[in-house]
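Listed below are the residues making up each chain.
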Amino acid sequence: MAKKTLEIYSVELSGMKDIEQTDKGNGKEKYRGLKNCFEPKKNHRKEELTKELDLDDHKLSIKELEKKYGTNIITGLSSAQAAELLARNGPNALTPPKETPEIIKFFKQMVGGFSILLWIGAILCWIAYGIQYSMNTSSSLDNVYLGCVLALVIILTGIFAYYQEAKSTNIMATFNKMIPQQALVIRDSEKKTIPAEQLVVGDIVEIRGGDQIPADIRLLSVQGCKVDNSSLTGESEPQPRSSEFTHDSPLETKNIGFYSTTCLEGTATGMVINTGDRTIIGQIASLASGVGNEKTPIAIEIQHFVHIVAGVAVSIGILFFITAVSLKYQVLDSIIFLIGIIVANVPEGLLATVTVTLSLTAKRMAKKNCLVKNLEAVETLGSTSIICSDKTGTLTQNRMTVAHLWFDNQIFIADTSEDNSNQVFDQSSGTWASLSKIITLCNRAEFRPGQENVPIMKRVVAGDASETALLKFSEVILGDVMEIRKRNHKVAEIPFNSTNKFQLSIHKTDDPNDKRFLMVMKGAPERILEKCSTIMVNGQEQPLDKNTAEAFHTAYMELGGQGERVLGFCHLYLPADEFPETYTFDVDTMNFPTSNFCFVGLLSMIDPPRSTVPDAVTKCRSAGIKVIMVTGDHPITAKAIAKSVGIISANSETVEDIAKRLHIAVEQVNKRDAKAAVVTGMELKDMSPEQLDELLTNYPEIVFARTSPQQKLIIVEGCQMQNAVVAVTGDGVNDSPALKKADIGIAMGITGSDAAKNAADMILLDDNFASIVTGVEEGRLIFDNLKKTIAYTLTKNIAELCPFLIYITVGLPLPIGTITILFIDLGTDIIPSIALAYEKAESDIMNRKPRHKKKDRLVNEQLAMYSYLHIGLMQAVGAFVVYFTVYAQEGFKPSALINIRVEWENSNVNDLEDSYGQQWTWYQRKYLEWMGYTAFFVGIMVQQIADLIIRKTRRNSIFQQGLFRNKVIWVGIASQIIIALILSYGLGSVTALSFTMLRPQYWFVAVPFAILIWVYDEVRKLFIRLYPGSWWDKNMYY
Amino acid sequence: MVIQKEKKSCGQVVEEWKEFVWNPRTHQFMGRTGTSWAFILLFYLVFYGFLTAMFTLTMWVMLQTVSDHTPKYQDRLATPGLMIRPKTENLDVIVNVSDAESWDQHVQKLNKFLEPYNDSIQAQKNDVCRPGRYYEQPDNGVLNYPKRACQFNRTQLGNCSGLGDPTHYGYSTGQPCVFIKMNRVINFYAGANQSMNVTCVGKRDEDAENLGSFVMFPANGNIDLMYFPYYGKKFHVNYTQPLVAVKFLNVTPNVEVNVECRINAANIATDDERDKFAGRVAFKLRINKT
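Those protein sequence lines, which keep their order, are chains A and B. First residue of the first sequence? That's 1 in UniProt numbering, and the numbers climb one at a time after it. First residue of the second sequence? That's 1 in UniProt numbering, and the numbers climb one at a time after it.
I should point out that these hints are in silico values taken from the structure, not numbers from a laboratory. It is possible that some hints are incorrect.
[Said to hold, decoys possible] Label-pair ranges, simulated between beta-carbon atoms:
id, chain 1, residue 1, chain 2, residue 2, range
1, B, T65, A, G130, 41 to 47 angstroms
2, B, K72, A, D856, 51 to 57 angstroms
3, A, N956, B, G11, 44 to 50 angstroms
4, A, R88, B, G11, 50 to 56 angstroms
5, B, D127, A, W126, 57 to 63 angstroms
6, A, L765, B, G49, 53 to 59 angstroms
7, A, W126, B, Q12, 40 to 46 angstroms
8, B, T56, A, G811, 19 to 25 angstroms
9, A, N908, B, D127, 31 to 37 angstroms
10, A, K105, B, T56, 52 to 58 angstroms
Because the structure is a prediction, the values reported are computed rather than measured. Idealized CB from N, CA, C, for every residue including glycine.
For reference, chain B alone in the conformation it holds in the complex:
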C-alpha cells in the first residue's frame, strides 16, 4: 500500500488539514479561493433554483391531470375494508370491568366518534332517504354540488347508542359494544342492489364458545343501500358512514377471544388471502373480571 510507504506524522496531518482549511499563501478556504466559493455557491443557487422551478412546474402540470373530486384511478379499492371502533393500538378491546380507567378511554373515543351521528345533527344536515335503494345523485352534465347525504341516526344503534346509557356502551358491565364500519370508496355500489349485512363469529371453535351471544344494531347487522354510493369528500360534505354495532352479551371473562366480522354483500369478496381486512375485520376481545 502506498499509504504505508508515506506514513505521515500526526503533526503533518494536522498541518495539512490546517492548510486545507485555510491556506494563507493562496488565500484558499477549503481548497477554494473566495471568488471560487462565490462562483460555486452562485452556480448551485441558480442550478437548484432552476431545478426547483422545474420540479414545481412538472408537479403543477401533473396535478392538472388530477381532479379535485374523484381520483383518477381506484385500482386498489375494489374491495372496501372493514374497521372497528373503538380504535385501539393492536385492534384489541380489553375491558377490565373493575378498573374504570381501562375502558374509559374507549368510551371517550366512542363518544367523540358518535357525536356526528346525534339525531339532531343528522336531522339538521342530512336527508331522510328511502331505504333499500341507492341514493344516486348524478351530475347529468352539470356539477350537482354539494351532494346530499342520508341520515344515520344514533338512535338506530339501540342499546349501543350510548344515549342515556349508564353502562357506558356496556363497558362498565362487561358487555361491550364494538362498532363496525365499512371503508368509504368513491362511486362504489356496495351490495350490487341487494341487501347486505355484517356477521360476526369467533375465529376458531373455542373462540365461538367463549364469544357467547351478541346482538347487532341495526338489527341483523344490516347496512342499507341508501348510504351508497359515496361521492367523495368535496362533493359529499356531510356524508355519514353507516355503522353496525355489536354488543357482546356474555363473553367468557379472562379469556382472549378472536372475533371476526365480515360483510355479506354480493360484490364484496371477503376471502382475500393477502389483505386481511378486505370486507372483514378481525379483533381481539377480552373481558377481565375478578
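Looking at chain A on its own, in the form it has when it is part of the complex:
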C-alpha cells in the first residue's frame, strides 16, 4: 500500500520542473521520507491507481494508441463501443466527495451535545409514569407530558442546528462545476457534440481555444495550442502543447492535456486516455477527500464544555439519587429528582445560541469578504497560530507587472500597485522614447474590443502574461497603444519561440519624413545583447564596450536576483537605401539583418504583491501569528516576494545570506544567527520529521518553495504536530489536500479552483490576504464572546439546580418546576446570550498571542467556578428570597415549610395548616406552588439581567466598556422582561405552563441581589486589574 501511495506523489512531484532537472535519476526512491507520514492515512482506496501511475500513453505512437484503446483516429469509436466502455468505466465525472447522508447528519444532531442527557431525562419521565401507572392506573400524565416536552426540545434544537449547518454547507457547489458541459467528439466517423460526462477512453475529441479540456487526453494534432495548467501544477504561465513526446514524465510532456485545465488558444485533436476519477485531477481530488476532516478547535472546546457540564449533571444527579434513596425516598420520587437535576443542569438553549452566534459572525465576516462554509471555522481563524500561505494569487496579484526598468545605466522602479497609475520614473530621456516604442510595437498582445470604459489594469487581454504586462504598462504611460501601432504599420514579424528566445517585428515609422523601417526586438537579455553592437545612453547610440556590458550584467543579475523575469529590448533602423519602402520582408529566409542592433534597455516583470498584504502580514505578526509562505514557485521569486510583503522581514537573513555577507561557506554559518529560512521541496523531502520540526521551531520566518501538493500536506502536518492551529490559503487544485488537512483551509474566491473551494472551510471572496486579518479578529472576538455567553448561561444553572437539592434535603415545596426551567433556558435567556455576541472587544485582541490550543480553554476551571459557585449561588440565594417572600406573605413562613414536602404534595390532604392556622386544599397549595415557581423564575430573571451586564467584560469595568455601546444587550434585557411579563400575566391562566400572576412588588425582591452581583463583579475586576498575576487574578479571571 505504501508503495502505491508513494507513487502518486512522484507523479505529481515530477510536475515540478526544477526537481526533475536537478534530481534526475534518483527516481521514486527519493520520496521515501514522505512515505512514513502517509502510511497511516487512508490506504484502502483505489486499487486502480497503480494502473494510472505508469501512464505511458504519451510515449506511444498513434498506431500503438489506436491499438491499445481499440479506436481509430479518423473514425473514432463506434457508438456501441462507447456505450460499452461507458458502462464499464462509468461516466467521465469526478465522484463528489463522500457526503454523510442527510438523515445521518440529522440524527447526529439529535444525539450530539446535551441531547443524550435530555433523552435520558425524557426516558426517565416515561419510566416514572410507568411506575406510577403500575401503582395507580389513574395517575396523572404530568410526567408523560414532561418527557414529551423534553423530547420536543431535543428535536427542535436538533432541527435548528441541522438547519443552520445545512444552510452554511449549501453555500458551496461541488466539483461538478468543473466539468465542461459539452465535448466535440468523433464517433462513427461523425463529429458529434455530446455531454462531456459521456466521454470514454479512446474517444477522439477536438479542443478549441477557450474550451475546458474534457478529460485527460493524448494530443494527436495541434495548431498553436496553449493550456493553462496553473490549477494543477501552480505554473502561472500558459504551457504550449504539441503532439510530440517531449518528456518522460506525463506531467511534463507536451502531448498530454489534462482534465479541467483550459485551452487558452489554438486548436487540438486528442484521444481520451483517462476519464473521471482516474484523471490526474481526479487523483488529487481524491487525495484531498482522503484527508480526514479535523475537528475544529471550537468543536473541541464545545465538546470539552459539554463534558464538564454533563459531568457535573451526572455526578450531582447520581449523588442525589443515592442520597434520596438512602433518605428513604421512594424510587419514583428519586427518579423525578434526577430528572429535575438533569434538566436544571443542562443549558438546553446554549448550543443553539452558540450556533446562532457563530452564524452571526459568519454573516458579519461574509460582509467583509470572508465566506465561511463551515460555521465552526469562524472561530478557528481566531486561534490560528500559523498561516501557511500560497504565494500566487493570495499574496500576489497573480498577473505579471512591470516592476523595474533599466536604461541609461540606471534602474528605475515602476509602480506595481493594483492600478499601476503612479509611474514616477524619469520619462524625459531619449532612451525611454525608444524603449517605449519597442515595448509598444514588439508586442502581439491586444485588448479585447469593447473595454474602453474598463480601467486599464482590469481589461481582458489576448496574449500571454508578459506581453499583457507590457501592453498594460505602455497603455498606462503612453495612452492608446493600438493607435500607436496603427501609425507604425507592422510589415513583418517573428513571434517568440523557445529556440530563438526573441521576438522581432518590423514597422514603418510614424514620422512621414523618415522612410526607414524600424526593426524592434525583445527577448532573453543575454540573447538580445549578443545581437547588439551599440547601446543607447541618454538617447545617443554609443558603442557597446566592456564597461557598459558589465553594467548590463550587474543590472541583469540584480533584477534577476529579485526573482523578476527580465527582458532585453533593442532596435535597429534599417537603412532606407538598402530597404526601400517597397521591400518585402520574408521571415522564413530572414532577408534582413539580425545583428548589430542598438541595445536600448531592460525591463523586468514580476507578479507583484498585493498592496494590502505587507500591512496584513505585519498585523498577523503583532497578533502572534507566524506567516509561512508555501509555494510551487522558484525559491528566488518566492524569497523576493516574501521580502517585499514582510514574511521575511527587512533585517532578517537566511543562512545563505549570512554566508554571502561574510564570505564563508554555508556550513560555517551559525544557524542561530539566521532568522529566516528558504527551504525548497528538494531539501524538504530529505528532512526527517524531527528536522522539519526543528526547522519550524527555530525559524520565525520560513519560505517553502518548489513544493508539491504532498509536501504542502507535510508542512501542514508538521505545524500541527507543534500544537499549532494552522490556516492554509491556496487557490489551485494542487492546494486542495493541504486546504483540507489544515485546521482551516482558506480558498480564493475569484481565482480559486472549485477543488480548492470545495476543500476549504472559508473563502476569501476578494482574494485578499488582508481579509484574513479581519477573520482573525472576528474569530478571536467570537471566542471571547462565546466565553461570556457560556458564563452567562451556566450561571443560572446553579440557581435552577439548588431548588432541587434543597427540595430533596430540606423538604420545601418545590421552588421551581422543570417546565419553568425550560422557559428560562429556552425563553428569557436566549436573546440576551446571543446579544453578548455583539459585544466589542475589551482590549486590542490583535496584539496578543493566539490562544494555546490545550491551555486556553473556552470553559476553564475559573469560569466554571466563578459561574457556578459565585454568581450562581448568589442568584440561587436571591431567588430563594423571592420564593420565601411569596410563601411567607401568603401564609407559609419559612419555618413552616421545612419538611412539609410529603404532606404538601399529597392530593388527599386537603386541610394542610399554614403558619396562621388556616387550612389549604391541595389545589390551593398547588397554585401557591406555581406562584412560587413564577417568583423563583422572576428572581432568576432579574438577577440574570445583572449577570448579563457583568458578562459584558471579563477584565475591564463595565463603565470602561460603556454600558450602552452594545445596544443589542438592551434588546436582550427588554426581551427578558417582556417574555417574563407575558408568561406571568399573559399565560398565567394556562395551568399546564404552571405560571401565575405575580404581585408587582415581587418583581423587585431580587433587585438587591442583582445589584450585589454587579458590585461584586466590579470588585473582582478591579482587583484583577490592580493586581495582575496575583492569586486573585489567577483564580478569578476566566
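Following the hints, position chain B against chain A.
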C-alpha cells in the same frame, strides 16, 4: 478526535492521576499548593459567610413585612375547602364489620380528634355564644387578644358523639359516622350572614341508591355562624372548628359508594372545576359484610 490521536496507556492515566492528586515536585495537592488551598478555603469561608449574612438579613427584612397574626395576602383562600374525618390515605372509609382491626384505627383517630370537643373542655375554655350571628371581636385600635371562641360540644354530635357508644361511632355495626369539617380561613365570614348547612349525596345514580339513608348531626347538617370569623392561630387560641357528622344507616354492603358532601352557603362556590375540594369533599365508603 484529538483523544484518538493521543491514546494514553492505562498506566499513564493512573500516573497522571497520581500526580494530580499529589505532585511531589511542586507540592501540589489536587492541582493546588497548600497556601493556595488555604487561600481558596479562606476565600470561600468569607464569601459564603457574607452570603449567608446577606440571606439572613434580607429574610429578616422580609419577615418584618409579615404580621404574626394575620397573613398579608389570602389570594388562594377565597373558597374554604371541606375535609372528612377519619382521615385516611386515599379518602376512603372502608369498614369490615367482622374485622375489628379494620375499623379500630378509625375509631382511635376519631377518639383523639373529638377529645377537644368534650363538653367539659369546651365549657372550661370557650364561651357560650348566641347562635345565628357572627361572633365578632374587633380590635378597635387596640389589640384585643387572645380572642374568645364559641363552644362546640361533643354532645351536639348526637349518635356520632361516640360518648357511651358501644357501636364505636357505628363502625362495629356497619353504620359509620363520617365527620365533615370546613377549612379554617382567617377573617372569612362564611355564609354571608345567612344560615348554611352541609348536604351529602351519592355521586352518581347508583351511588345514591347504594348510599341509602343517613342522619346528620347537628340536625340538617347546619353550621352555625357563631363559629365565624376565625382570627388565626395566635389570636384565636382555643378556636373549635364546627363539625357536621353524617351517620350512614344502611349502605349497601360490599359495594364502593362515592359520596360527595358540599356546603350550601351564600358565599362559598362549590363548582370549581380544578379544585375538587373547594366547598365540597368527595370520599369513598365501603362496608364489607359477610
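Of the numbered hints stated earlier in the document, which are not met by this structure?
Result: no hint breaks.
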